[in-house]
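In order, the protein sequences belong to chains X and U. This note's numbering numbers the first residue of the first sequence as 1 and each following residue consecutively. This note's numbering numbers the first residue of the second sequence as 10001 and each following residue consecutively.
Think of the hints as simulated: they come from the structure by calculation, not from any bench. Only a predicted model underlies this, so the values are computations on that prediction, with no experimental measurement involved. Glycine residues also receive a C-beta, built at the ideal position from the N, C-alpha and C atoms. Please note that a few of the clues may not be correct.
In silico contact screen, one side only, chain X against chain U (beta carbon under 7 Å); selected entries [stated by the list, open to error]:
#1 Ser-55
#2 Gly-80
#3 Thr-84
#4 Gly-87
#5 Met-88
#6 Val-91
#7 Leu-92
#8 Gly-103
#9 Asn-104
#10 Tyr-107
#11 Phe-114
#12 Leu-117
Counterexamples of contact, computed for chain U against chain X with all Cβ distances above 10 Å [stated by the list, open to error]:
#13 Ala-10172
#14 Lys-10483
#15 Leu-10494
#16 Phe-10598
#17 Lys-10771
#18 Asp-10875
#19 Tyr-10892
#20 Val-11067
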Amino acid sequence: MKLQKILNKRINHLENSLFSWIVKTPRQLFRLFLFSSTVLFLPKMPYVNLFVQKSFVFFLILIFALLVYKVKFKYLLRLGGIFTLLGMLFVLFGIYEAGEILGNYLYGLTILLFFQLIPSVDNNHK
Amino acid sequence: MKSKITTYAFFVFSIIAIFFLSRFLLPPGSYIVGHDSGLALNSKDFLQSRLYAWSIQGFGQDNSPHFGSIMIHFVDFFTSKLSGVSFAGNYLNLFFWLSMIFASAYVFSNSIKKSLGKYFPVFFSTFITINFFIIQSLFILERAKYSILVANLLLLTVLFKLNDKLIGYKKAFLYITLILFIFNCGSWLGIPLYGSMFVLVSVFSIFKIVTYLVGKNFSDLWRFVVFLLSLLVGFILINAYSIFPYFSTFLRGDASQLVNPVVIEQNKEWLRALSQAGSYINFFRLQGIPDWYSGSSGINMQHAYAYSYLTNPLLIVSSFIFPFLALGALILKKNESKKYILFFTAVTLFGMFFMAGSHGPLGFLYEFLYTYIPGFAVFRSPYYKFASAFLIGYIGLISFTLSSFVEKIGSKFKIVVILVILGSWLAYHGVIFDADKIFSWQKDLSTKVSIPPSVLEFSKSINDQDFGDSRILLVPPANQNWKNDAYNWGYWSLTNLPSVVAPYKSFLVNDGLLSKEQNVLVNDIYLSIKDNREVDFLGKANRLGIKHVLLRKDILNTSDWSSGDDLHDYEENLSDFKSLRVKETFSDWILYEIVDLFPSKIILTNDIVSLSSNDYSLVNQYTDIDQHLGKDVVGTPGNDFSIVGCQSCELEMQSPNHALPEVTLLPSSKLYFFKEIKEKKVLVASSGSSKAFDYLGFALRRTSEVMAMLRTSTEDIQIATALKVVNHYLNIVYEYVKNIPNYDKDFSTYIRVKDSILPIEVNLQNQVANKDFLMKSEMLRNEVNNVLWTIRQITNLYSPMINILDEYRHRKIYNLTIKLKGNYKIHVNADTMPFDISGNRIFPEHVEIYINGKYVSLKPQKENEGVFFDLGLMDPGSYESILVFGDLPNLYEDIGFSVQSLPINDNGCVAGRVQHFNNNSAYRVNFSITDNTQRLRFYVRNKSIQQSINDGFFKWDIENEVDSVGIAGEYSYLYKPYGATDPYVYVCSSNNSIPQVSNWEIYEIFSPRIIVEKMTEDTIDISNNPISYNQISPVKYELNINMQDPRILVFNETFNPLWSLRQDGLVVETATHFMIDGHANAWILPEDANGKFTIEYLPQEAFKVGKIITSIFLSTMILVYVWKFIYPK
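One chain only, chain U, in its complex shape:
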């Protein structure tokens, strides 16, 4: 009795202690927000938004995987309500989860204390609650992780009771399904968290099955298997509300990702990165948390406390007490405790294997499972997914040792010893009392923040207003690289702050929610603000459904790595825009309204934009604002545009590549047979042009094998045989090229062919030039010559193209494809034109078009930002067109001689600068070497880099050896700037003498894009609004269509095939659903489409069905439970 009271007193005391700890860590006014915690600042609305399968944030997102998180967000809401705030990251939420972990651990350990000792629960529940797995996750309060840990502990309690026959299968089924209903992994994207449950249930099942098999107890074995299967069914039924909606999304997308070998291979790098610190020695020490490390044993210096735990000798020694204690359990085991010790040991071993991921020595097994077991690829962050099983096993062993130890000492000292042990554990994990550290996730960045009043004011005001279905543009834009939202008062998250303050309003910012196409659209509108183009801004706002702009002046605007764009330009220009009025001000936040603009999410149009959205901005410069691509063009068919790239320019941009691919297996190996089989399979499977390029690729690889064999002195006959195959393959390529119509003008094929044959040619020519080649057998030499001859034949096919290489600088060649007869114009935009020496753009002098067997020359006509050529009436067909430019200037500006410090000695350098530099172009740098006795090096560096930060030496971006000794001639280098702003070129000698070079030339290599416009005269007069609609919910819109032309219905939300157009509740099968503008939904309406329609998101229907199944199943279970409670027998 006394023991019971003590036990309960310990429980109550611990819960109170957890309460005070939570309050201490998150005192009033401080909350956990940001990062990727999903801790909303308006927990009520956020919970409600989780009841819909579609989120309206950005351009809209599928929300169907997240229904399971209703449980977790309900706790968020409930605790926020209790604590009197709207924030989910409050201290009561922290208290709830920590106390749930403690309580479930206590329930579990208490249920087996008869076998493991009466002090077992004291240690087990404390250690499970406070350890680095938990501490590391506190900064974002990983509720899903805690929820699964709680579920694991309660599940084991039931399973152990079942094993001890304290309850039957039916009761166990009832309890377990209820546990798995309440405590889940949140969103189904968190399904890997069930990994730990898989380990626990597997170990338990293996024990049971082996026991039944050894005892030849097949009837019980059958019952147990049925029980496991029924648990699976029960799990699906009770969680039907969250499984059903996600099912269709899963089948359409995520399932294929899980088994896609390319995705698996890409994610393997992530797996390896996260497994770097997953060594067994770390796990034995209850460490190995990936966040702590940089590499396999390096320390993440950004981590707030990893350094102390990984370097402090006292803490290192302390951490090695754990393996001793765990081994102690194996010594101290007794008959009644053996089965549990065995279970804990098995769970520990299994858990460690999975937690280690791809880390040796058994990492290859994990990678095997990861690659070949369908679905296993979800476990790409192994530590986080399996650690909770390991903790239960390992802490079980440690707690048993300590409990046994305490039982062995005299009763007088028991309490003292227990307190010392618990105190030592807490002292070792002392960082839990340091809120500055546990909520910090990077130097100077913490998730524990005080929310400024302006955010609260904004929340209150905006939630009371009706914005319809319009969007609010957030200004300034997010950091381009990180796509994060960061504020100078501490908030940092990948989720934008306003969306967690007002989840029912749609906020648009260039964050990670947007697709590539959507990002282009949003970045375009930011540019229009930044460049002060109001008319352009209005057009874009209309198309993107933006009615309001929220300027946030407290955005992190330093030179920090995650800072947003510069605030100043946006602030100034927005206040200048006449069409904007300040609607409300919340301290640092200003809400603007666009007056007289009423954007519509659902429109009718005739215009299908088939261009890549990357080209919108280019094309829009030639259209009126109301005809902009990507804009609402109700009833006004837009002109047909196409962008044509320069074909010959690719050739100018080519840098010669002589490298052969690496090979590991040579024809001399017995295993080469397998490689040949694979090669044959590929060649048989491919067809058309890809077959020719496959032959080319294999010829290249086989040449690499030949070179390796030549280096390793393989017998000549083997090398000659390999060369014969190379020659055969090249002959096939030759025949293919010869049969291409106009092959001598096919630039793209030539570039691909050249890329492969040049390395073969250069490497074999080097062999021929080597004097040892004469020692080779005649057979081998003949084969080399044969290959070189075939290459020459291929090259000769392209000689008309190659012989005029220099002309391409002035003559840019295009291939115009006209599909429909009509009047056409070619627009040449200034952006892609080169500069003359005064900094003005150079435009083409004329264009030559090959029509009816002759070149027709057209003169340019001026327009806003460039020139255009009027082609007149054109018939369908393919036309070679040449933009002809006059003289192009030498952009070299002499800087003179200087002596630069390099690591070996001081070197004399002559330098020059690129005038009117354009980092979208490439540059050809030429100079003559006038002294062939000097060793020269060529450097390019950006002006902003003056010296190396570390040592003060001359710092360069590009360094090239100039082949000058013994050769007085021309040197040429193709410079492609990557991120340079003002590049300088240098030629340096090997000492402080002046490099003898002359005739410097720098020419811009540019690639103009031309816009071909088909002129259209047709117009449709729209006198009535053809469509009216009403948003019922984020997943349902009702619309009324009262005209039949135009017939393209645009629904401006992210395209998803699960959106359906319905009439009278039935899907309109005749309306083709397709993606428009590169991101939105559209339907081609049938001719008889008129009247009332709805647009609905299908997973919401599945949620309704799932909800009913869950409710029925849950009510039945509760009724059965109550029945059993009232009538036990």
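Next up, chain X with everything else stripped away, as it sits in the complex:
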């Protein structure tokens, strides 16, 4: 009973947080929805599907999700570290395709890190 109580409490808390996030950031949610659905639709479109590959779609979704949620620089870095570590394990155990996907995400993360770095550059190299 006690466990059920704790669980209920946690679920309530989670629901409230999600609700308040939706209320506070409806625009981001809309953008995320719009973009993700477009991106998911792309590989199914005739002709476009000839060159938009599934791996590219997932790649875009991940990058866009990180942008929408405005993940902080340090968390992006940690995520990069995790991806590298997991990638290493996958390659080590011969699951090369999974390692490659993580490598792609790491590349995307580096792009995000790069863009987050730009505003902090001083103007001394004018």
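Chain X is fixed; fit chain U onto it per the hints.
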């Protein structure tokens, strides 16, 4: 001060270490040679040969793209001189390039160490010098690659100094143009190497432009743009000596190749193959070198060390340290270092995108650029072209992290930590200390070899001799598939060895330098040696300008994949030839001279050979040696020959094809509209016969769409509409065929029509035979019937031709076209005749020629290797001719019954053999099925294949299901041998019972080629040599012509429109320049042409002009620099 001393000490120590490393890898006596390294064994002559726009090797080649490589070959020559040998692949050359990379990396990193840490140069310069990008390229010492890497590093140094306002635009311009003059991509064929420079300059420019735009600093922005443009102009001016000569060649050929969609599409496969391993995860690990992989993640087991690095757990884990270190740079960045970190990150990201090529997830973008950006197609090997930019960015990030880390630890341990880091890096790249591995490019093949003394002797002797402009034939010939030159002491290259030993002598071998036509000519002369036909050999040698033959007994002559032709026959026959004398022997190499033969590169003739050179050997059997086609026939007009192919034979060779093309978009789709527009465009644009065949093609495709719609239960009305269009198209084809004169004898049109209508007919007939067809609407059924009826009408047009199909076995039909009135002969050559049961050739009994409304029969007359028919005097016109053969034998030889092991069970088989097999013919195999309850299969296998190598089962080349169950009748199969030598045919039952078949027949289906000869009686008496000439250089010949007939001037070098005939320095505009003999240059001289002429190669003129511009520009720059140095303000 102490820090400075330490820094310089590190620099000096490293350079010494590189020296010892080079010496260790290439100890005295060992050199890098072969593959496609361009490392000459006579570096001095090779450098000199680079000063000409035409190379004399083979039949001559355009050399105009290679002027830029003078710099690189100068280093080759200089280092070989210093090391006391003539070989470019010496240890000092290796040392030079490695130390240049190190030094430039050091200069670059040292210039920004204030911002990135004082230990940054230590790591950066070491890592840039030793990594897999460099290690992989050591086996052929890719100097152009190194040169661009050095240029990139020095260029960045200048750009960063400009950015920090330590130098101004003028100085930056001066430095950069000088850098780009000294360090270039070698030959202009290496222009894609500038890809990495493009990435670096683009990233830098974007940074600058964005900064100016954000700061609204438009005047500075303008100055920067002008600076970039002036750099481009400066680059062109300072490299004018190499750009100008190549410009005309580029415009005439390479430019169109770059934007040719067909070439782009073909090269896309290469791009995809090289991008297979170009994943980001590989690049983050500083790997992804295409040579390491087989497929996207498989390992190239031929590679000397890829397996270790891709499978060893310790090495895998070690490789993942690099991405952590690179990410570390983003954490450890400081205010003063941020802009560099940002720059390195951007370069890394850009570089990775380009290096990955067509590899996902962004590969489609690269392919888009590759397809649609004009000129981008040069980047078809992305890794090699962009990696050096990526390395600078990525190693910059890694080095910064390590430098920051070292700075944070106590001073006592700094040196130890630095040594541990450098040691670990070297240990990880430990393969660099293993010469056996880094110079190996295939199992048991290395570019590091010891040159045998015989080659040195040959080099010394041959360079001292004058061979004029004659050619030296290399024997035995090169491997037919690889076109390589390989020796049993280790040399393997696509460039023949003698040509890099003596670049000023012209060596001829059937290598990749030759065109298809030239290859035929050269292979012909090899055959004449192999078959011991000395007279034939002499005639050919004369025509090809061969005065000497070099027999190389140390040629790789094993059963290896790249071995040359068997040496034995050549060696024996050459020593038997009376006209050859041994001129000199160099251990395994023997130089023969052809006595009393003085071949001439420039001749006058009256004979224009219009035949394909493939047919020379056939025609030459009917001419005297001095009249051979392709031979010098000064003053003796050759008879006019033409080769005529059998028309009806094509029909016999046809295998029925029922397959429809694949379709992706059906008329039921809304997007089908676009397909229809395209179809209409094609039909409007085409005309004549091609229009009819376009209709036929679209009818075929639309039928395929109909079949797909029938399978997917599309509404009947849509299918009926599509069928209506098919019928309409077929009606157009019917009208077209009906209007062709003598359409019922037009074999080639029938074959094309049949190829398209048969699949339509068979597929629709199958539908009609299906019981579900009755359920379809009447409208649909009517449309199907309409189409089938139109097809029947088309087929009926050809019924006179189709009804006598069996007769074509004995009656071979030709169409002779006589253009000029004269006496004619038809030669029938033995090579294309069938065999009788005793192995003798069967010749035609007579020929029937349709003249003046009736068939005239002519009897054959015997000649050397066949028969001929004397046609007598013929008027111009088109004549149907029929070669009539008597009975043709059944070539089946019964082998009997046997039980063969097949994967499912043991099967009983009856077998037979093809007697007197000829792999240039096809065979019709017939037999009767006498038991219609047996399941039978038909196999053909070459005798040499006994069992499968892997499992021992019965092994076959061809397998066919015999439609025997329920049907007792005839089975017929058209067998076209591909590479078979002694084929056996089998019919096997599904168990070990005896297959019940009988009446075996095997008939040869042959296609004789006939040679029509117009007899000529005219002769011209030549008492004086009409021409004398002198070779001034590989690009200039002076000639003196003292008669006006014959008027065709032949210059026996590879045809190139840039060769020009001049008189008094002016191009002789009235002399038409054309290709003769399928490969050489010729001019039709005007009637008043007499006196002194020159033949010149135009790009050499451009080189002269370019050289002057470069010299003026370079001297000005140096003067300005000196002036600024003396008077700084």
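Item to complete: Compute the least Cβ-Cβ separation between Leu-10494 (chain U) and chain X, then decide whether it is above 10 Å.
Response: 33 Å, holds
Worksheet entry | Per-residue hint verdict: Met-88 (chain X), partner chain U, C-beta under 7 Å | 4 Å, holds
Practice prompt. Verify the interface restraint on Asn-104 (chain X): the C-beta must sit less than 7 Å from at least one C-beta of chain U.
Written response: Asn-104 (chain X) check passes; min Cβ-Cβ to chain U is 5 Å, inside 7 Å.
Fill in: Non-interface claim for Ala-10172 (chain U), where every Cβ of chain X lies beyond 10 Å
At about 15 Å from chain X, Ala-10172 (chain U) clears the 10 Å cut-off, so the statement holds.
Worksheet item: With a cut-off of 7 Å, does the beta carbon of Leu-117 (chain X) approach a beta carbon of chain U closely enough for the hint to hold?
Response: This hint holds: Leu-117 (chain X) lies near chain U, its Cβ roughly 5 Å from the closest one there, short of 7 Å.
Worksheet item: Just checking, Lys-10483 (chain U) versus chain X, shortest CB gap more than 10 Å?
Response: 36 Å, holds
Worksheet item: If you take the shortest Cβ to Cβ gap from Val-91 (chain X) to chain U, is it below 7 Å?
Response: With Cβ-Cβ at 6 Å, under 7 Å, it holds.
Item to complete: Over 10 Å to the closest beta carbon of chain X is the bar; see if Phe-10598 (chain U) clears it.
Response: Nearest chain X Cβ is 62 Å from Phe-10598 (chain U), so the label holds.
Worksheet item: With a cut-off of 7 Å, does the beta carbon of Ser-55 (chain X) approach a beta carbon of chain U closely enough for the hint to hold?
Response: This interface hint holds because 4 Å falls under the 7 Å limit.
Worksheet item: Regarding the assertion that Val-11067 (chain U) does not contact chain X, is the least Cβ-Cβ distance greater than 10 Å?
Response: Since the minimum Cβ distance to chain X is about 50 Å, Val-11067 (chain U) lies beyond 10 Å and the statement holds.
Worksheet item: With d taken as the least Cβ-Cβ distance between Tyr-10892 (chain U) and chain X, does d exceed 10 Å?
Response: Given that every Cβ of chain X is farther than 10 Å from that of Tyr-10892 (chain U), nearest at about 52 Å, it holds.
Discussion item. Does Thr-84 (chain X) hold up as a contact with chain U if the rule is Cβ-Cβ below 7 Å?
Written reply: Where the cut-off is 7 Å and the nearest Cβ of chain U is about 5 Å from Thr-84 (chain X), the hint holds.
When the structure is compared with the earlier hints, no violation turns up for any of them.
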